[in-house]
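Fit chain B to the supplied structure of chain A, relying on the hints for placement.
Protein chains: 2
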Amino acid sequence: MQQTLVPLFPTAENVALATDLYELTMAAGYFHAKRTEWACFELFVRDLPPERSYLVAAGLEQAVHYLRHVRFTDAAIRWLRSLPVLKHVRPQFFDYLGRFRFRGDLDAVPEGTIVFAGEPLLRVTAPLIEAQVAETYLLTTINFQTLVATKAARIVGAARGRAVVDFGSRRAHGPQAGLLAARASYIGGCAGTSNALAGQQLGIPVFGTQAHSWVMAFDDEQEAFEAYLDVFPEHTTLLLDSYDTVEAARKAAALGSRVSGVRLDSGDLAALSRRVRRILDDAGMRRTRILASGDLNEHVIASLHRRRAAIDAFGVGTELATSRDAPALGGVYKLVEQQVGGRWVPRLKLSAGKETYPGRKQVYRVADGHGRFRRDVIALASEEQRGSALLVPVMRRGRLVGPLPALSDARSRAAEEIRRLPARFRRLEAPAHYPVQYSRRLRALRERTLKEIGHGRAGEKP
Amino acid sequence: MQQTLVPLFPTAENVALATDLYELTMAAGYFHAKRTEWACFELFVRDLPPERSYLVAAGLEQAVHYLRHVRFTDAAIRWLRSLPVLKHVRPQFFDYLGRFRFRGDLDAVPEGTIVFAGEPLLRVTAPLIEAQVAETYLLTTINFQTLVATKAARIVGAARGRAVVDFGSRRAHGPQAGLLAARASYIGGCAGTSNALAGQQLGIPVFGTQAHSWVMAFDDEQEAFEAYLDVFPEHTTLLLDSYDTVEAARKAAALGSRVSGVRLDSGDLAALSRRVRRILDDAGMRRTRILASGDLNEHVIASLHRRRAAIDAFGVGTELATSRDAPALGGVYKLVEQQVGGRWVPRLKLSAGKETYPGRKQVYRVADGHGRFRRDVIALASEEQRGSALLVPVMRRGRLVGPLPALSDARSRAAEEIRRLPARFRRLEAPAHYPVQYSRRLRALRERTLKEIGHGRAGEKP
Numbered sequence: 001m002q003q004t005l006v007p008l009f010p011t012a013e014n015v016a017l018a019t020d021l022y023e024l025t026m027a028a029g030y031f032h033a034k035r036t037e038w039a040c041f042e043l044f045v046r047d048l049p050p051e052r053s054y055l056v057a058a059g060l061e062q063a064v065h066y067l068r069h070v071r072f073t074d075a076a077i078r079w080l081r082s083l084p085v086l087k088h089v090r091p092q093f094f095d096y097l098g099r100f101r102f103r104g105d106l107d108a109v110p111e112g113t114i115v116f117a118g119e120p121l122l123r124v125t126a127p128l129i130e131a132q133v134a135e136t137y138l139l140t141t142i143n144f145q146t147l148v149a150t151k152a153a154r155i156v157g158a159a160r161g162r163a164v165v166d167f168g169s170r171r172a173h174g175p176q177a178g179l180l181a182a183r184a185s186y187i188g189g190c191a192g193t194s195n196a197l198a199g200q201q202l203g204i205p206v207f208g209t210q211a212h213s214w215v216m217a218f219d220d221e222q223e224a225f226e227a228y229l230d231v232f233p234e235h236t237t238l239l240l241d242s243y244d245t246v247e248a249a250r251k252a253a254a255l256g257s258r259v260s261g262v263r264l265d266s267g268d269l270a271a272l273s274r275r276v277r278r279i280l281d282d283a284g285m286r287r288t289r290i291l292a293s294g295d296l297n298e299h300v301i302a303s304l305h306r307r308r309a310a311i312d313a314f315g316v317g318t319e320l321a322t323s324r325d326a327p328a329l330g331g332v333y334k335l336v337e338q339q340v341g342g343r344w345v346p347r348l349k350l351s352a353g354k355e356t357y358p359g360r361k362q363v364y365r366v367a368d369g370h371g372r373f374r375r376d377v378i379a380l381a382s383e384e385q386r387g388s389a390l391l392v393p394v395m396r397r398g399r400l401v402g403p404l405p406a407l408s409d410a411r412s413r414a415a416e417e418i419r420r421l422p423a424r425f426r427r428l429e430a431p432a433h434y435p436v437q438y439s440r441r442l443r444a445l446r447e448r449t450l451k452e453i454g455h456g457r458a459g460e461k462p
Numbered sequence: 001m002q003q004t005l006v007p008l009f010p011t012a013e014n015v016a017l018a019t020d021l022y023e024l025t026m027a028a029g030y031f032h033a034k035r036t037e038w039a040c041f042e043l044f045v046r047d048l049p050p051e052r053s054y055l056v057a058a059g060l061e062q063a064v065h066y067l068r069h070v071r072f073t074d075a076a077i078r079w080l081r082s083l084p085v086l087k088h089v090r091p092q093f094f095d096y097l098g099r100f101r102f103r104g105d106l107d108a109v110p111e112g113t114i115v116f117a118g119e120p121l122l123r124v125t126a127p128l129i130e131a132q133v134a135e136t137y138l139l140t141t142i143n144f145q146t147l148v149a150t151k152a153a154r155i156v157g158a159a160r161g162r163a164v165v166d167f168g169s170r171r172a173h174g175p176q177a178g179l180l181a182a183r184a185s186y187i188g189g190c191a192g193t194s195n196a197l198a199g200q201q202l203g204i205p206v207f208g209t210q211a212h213s214w215v216m217a218f219d220d221e222q223e224a225f226e227a228y229l230d231v232f233p234e235h236t237t238l239l240l241d242s243y244d245t246v247e248a249a250r251k252a253a254a255l256g257s258r259v260s261g262v263r264l265d266s267g268d269l270a271a272l273s274r275r276v277r278r279i280l281d282d283a284g285m286r287r288t289r290i291l292a293s294g295d296l297n298e299h300v301i302a303s304l305h306r307r308r309a310a311i312d313a314f315g316v317g318t319e320l321a322t323s324r325d326a327p328a329l330g331g332v333y334k335l336v337e338q339q340v341g342g343r344w345v346p347r348l349k350l351s352a353g354k355e356t357y358p359g360r361k362q363v364y365r366v367a368d369g370h371g372r373f374r375r376d377v378i379a380l381a382s383e384e385q386r387g388s389a390l391l392v393p394v395m396r397r398g399r400l401v402g403p404l405p406a407l408s409d410a411r412s413r414a415a416e417e418i419r420r421l422p423a424r425f426r427r428l429e430a431p432a433h434y435p436v437q438y439s440r441r442l443r444a445l446r447e448r449t450l451k452e453i454g455h456g457r458a459g460e461k462p
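Quick mapping for you: the protein sequence lines, in order, are chains A and B. Heads up: the first sequence runs through residues 1 to 462, numbered per our numbering. Heads up: the second sequence runs through residues 1 to 462, numbered per our numbering.
Hints are computed from structural coordinates only; laboratory data are not their basis. Any given hint could turn out to be false.
[What the hints assert, rightly or not] For lysine-lysine, the following DSS-like pairs were computed, each having C-alpha atoms within a straight-line distance of at most 25 Å:
no.: 1; chain 1: B; residue 1: Lys34; chain 2: A; residue 2: Lys251
no.: 2; chain 1: B; residue 1: Lys251; chain 2: A; residue 2: Lys34
no.: 3; chain 1: B; residue 1: Lys87; chain 2: B; residue 2: Lys34
no.: 4; chain 1: B; residue 1: Lys251; chain 2: A; residue 2: Lys354
no.: 5; chain 1: B; residue 1: Lys451; chain 2: B; residue 2: Lys354
no.: 6; chain 1: A; residue 1: Lys251; chain 2: B; residue 2: Lys354
no.: 7; chain 1: A; residue 1: Lys87; chain 2: A; residue 2: Lys34
no.: 8; chain 1: A; residue 1: Lys451; chain 2: A; residue 2: Lys354
no.: 9; chain 1: B; residue 1: Lys251; chain 2: A; residue 2: Lys451
no.: 10; chain 1: B; residue 1: Lys451; chain 2: A; residue 2: Lys251
[Stated by the list, open to error] Residues from chain B that keep clear of chain A, each with C-beta distances beyond 10 Å, as calculated:
no.: 11; residue: Gly98
no.: 12; residue: Arg289
no.: 13; residue: Arg443
Here the structure is a predicted model, which means the values were calculated and not measured. C-beta: ideal position from N, C-alpha, C; glycine also.
Isolated chain A, as found in the complex:
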């Protein structure tokens, strides 16, 4: 049987089509209407998900990879030409797609930066078509990694210094989601991941223990444990709950301190961990670590701490890799400014409950004398404000202005920024609302633009 199966991998070659079709029909429309002037779009999160009081920005490297590599291959163009919706489009449009490159500017907050609702994570300034076409891909890339980095930060916070490892690949939304989740959760503070590809491609520390199937594959548990120790004499973590956890702990204890760790995966983890700790300690195995896994999240981990669990590290899967309690981030990408006849004019959207602020923006973060974050101001990019500006230039005319920070720098930045965020804003439950203001000039511009729309000429004369 030589049937061709479709793997459904996005690749650098087909990534231009990994988007909503309307980005491409609008591109055809703009081309047709000869809209060659530049426009400015901003990506921001309208409202934070429930329980979240801040976001950890992540995904920029993959977004930049897209902007540098997006090309319409001959196959992609042939397919687009075959669509009935594009049948009246001038053939020159397809020639244009063949030459399509992103030649615009990108400003963004570095990965690992803490951001809040309404604050642009990135800003694209480019010829209208190029800025429009990037929408869906930028959103899916930034939305997901930011979602997971944020969830990771909450879980890592709850673990209070104990290591948290991403175990989520099997429940992630496909193979790539597992890989992206591993990256994002590392930025959010995880110590590593079980995902081997993330280890190979990104250098993230990888961790692996053993599965129930290993234990079940031997006639008895003791034999299974000994066989593992035989192959991995310096890195043996034994899974204790295949049959009876306490019984298994005694078998592990019989093997002595060469056992570097044990894993608990079910049952009352707090009580079991204390009991297992005692068994190990009594055998002189004080350095053997206890790892816990099994439907963990930040609340369960906090409760394990309250119950004085003797757990040294947590493996967190489903809840982390899917951000289970809040599995989507409402990032949006909105036109905020546009060239008309060579002049830049502000734009906004008025849809019920979805109003936006016009004009290209900068976010200023104001800290107190001890470096702790006090408040943010969203201002026009053109005005001066106190505090540190969060958005920095990343690309100019399609080229990187400098190297992106390394993944480890993004992780350090997140840790540092979370440390500087006062504790009341990062409580697990009912966190305080961090103050974010809009500058006076930005509010005035919005009023002015609204008035002009009232006259049916949205932002024509700013």
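Same frame as chain A, but now just chain B:
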């Protein structure tokens, strides 16, 4: 700047590492322990997510693609050799990985089949290492597509014959998740997707309207609408809510029946749709369709129907592509039988709350005289039972036994099976629990295996 950025795309070349590291350390362990005999693993969902009363199986084609293409490249092997955990592994293991192929058997329920908790979606029978290594990839592939196909079936059911289109790419968990979600939601009954790559790679019907940015990019809305109609004279769907929906509907009405559709994306969709319908009808535009979008799910759609909304099609994004209310499926992959000294012996797991049934299984579905499903029986694969057997041979000794069904067949199968499922089992809220029994022989085998574990020799003499 020529910095190399990491795109994080799983590909046919690196897919062998898109897994949990422990699959590979266990592989090394089995190799070391000379465990060359065959084993049998089954993939099933332990408990259905809240509100779900059935699952629509999906993802098999990508799972089979993996099994056919999984290879350890030189780069992957070099990376594995560099890991401290594998440093005491015999070098022959890495030679073995270089020759690694999946040469086992695969049985599975065809995509689009309705399944219930505890029922194997697939069964892998292969040399122990090959069956073990596939675990994580099979789980992530089947878990996610099954999750989304199931969610789609619920939403499509609520839409009662109106078209549902997947709009979820921007909120999906990365570019590949958007693509996989488009495929799975098509199997679950969606009419198509906004994802262009899914259209190109799978032939799924693609749909695109226009974004707010199109409307905002023109000085006024009327001009924006006319410009769109000019490029897409036969496929113009106008987005009405950028400023004022009713006002925009009047502008659309002024353009006459060349406008093939309008889209509502915010506000009170039931009331607005009726009002817009009247405006269009009064202009003689009875064939102009009304599409609604904006945070829709099965419950919102059912409520729109109850409120007599005049909506012809629904675009569903976040809720569908992330299965927002239940964003993870607890699929597991468990060793159920194993060769020991050439004889097959059953295996099971006893972990608290996670007990499994030993032995390789078949699922029989019993229908009444009208073809409606009445109950399922999970039995040993070796026994005869009434009803239709759900698992069919897919691969033997690493080769496909025949072509996989086309995507459209999977979609038809799902529609047909949902039709045959009595209505009480597919109510949106508080659905009845479909009866699934374990056969007497299977229960007896479990008792026997449990007893033998009691004697410390799990399943040695079945």
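Taking the hints in turn, this is what the structure says about them:
no. : hint                  : result
1   : B/Lys34 <-> A/Lys251  : holds (23 Å)
2   : B/Lys251 <-> A/Lys34  : holds (23 Å)
3   : B/Lys87 <-> B/Lys34   : holds (18 Å)
4   : B/Lys251 <-> A/Lys354 : holds (21 Å)
5   : B/Lys451 <-> B/Lys354 : holds (18 Å)
6   : A/Lys251 <-> B/Lys354 : holds (21 Å)
7   : A/Lys87 <-> A/Lys34   : holds (18 Å)
8   : A/Lys451 <-> A/Lys354 : holds (18 Å)
9   : B/Lys251 <-> A/Lys451 : holds (21 Å)
10  : B/Lys451 <-> A/Lys251 : holds (21 Å)
11  : Gly98                 : holds (16 Å)
12  : Arg289                : holds (15 Å)
13  : Arg443                : holds (19 Å)
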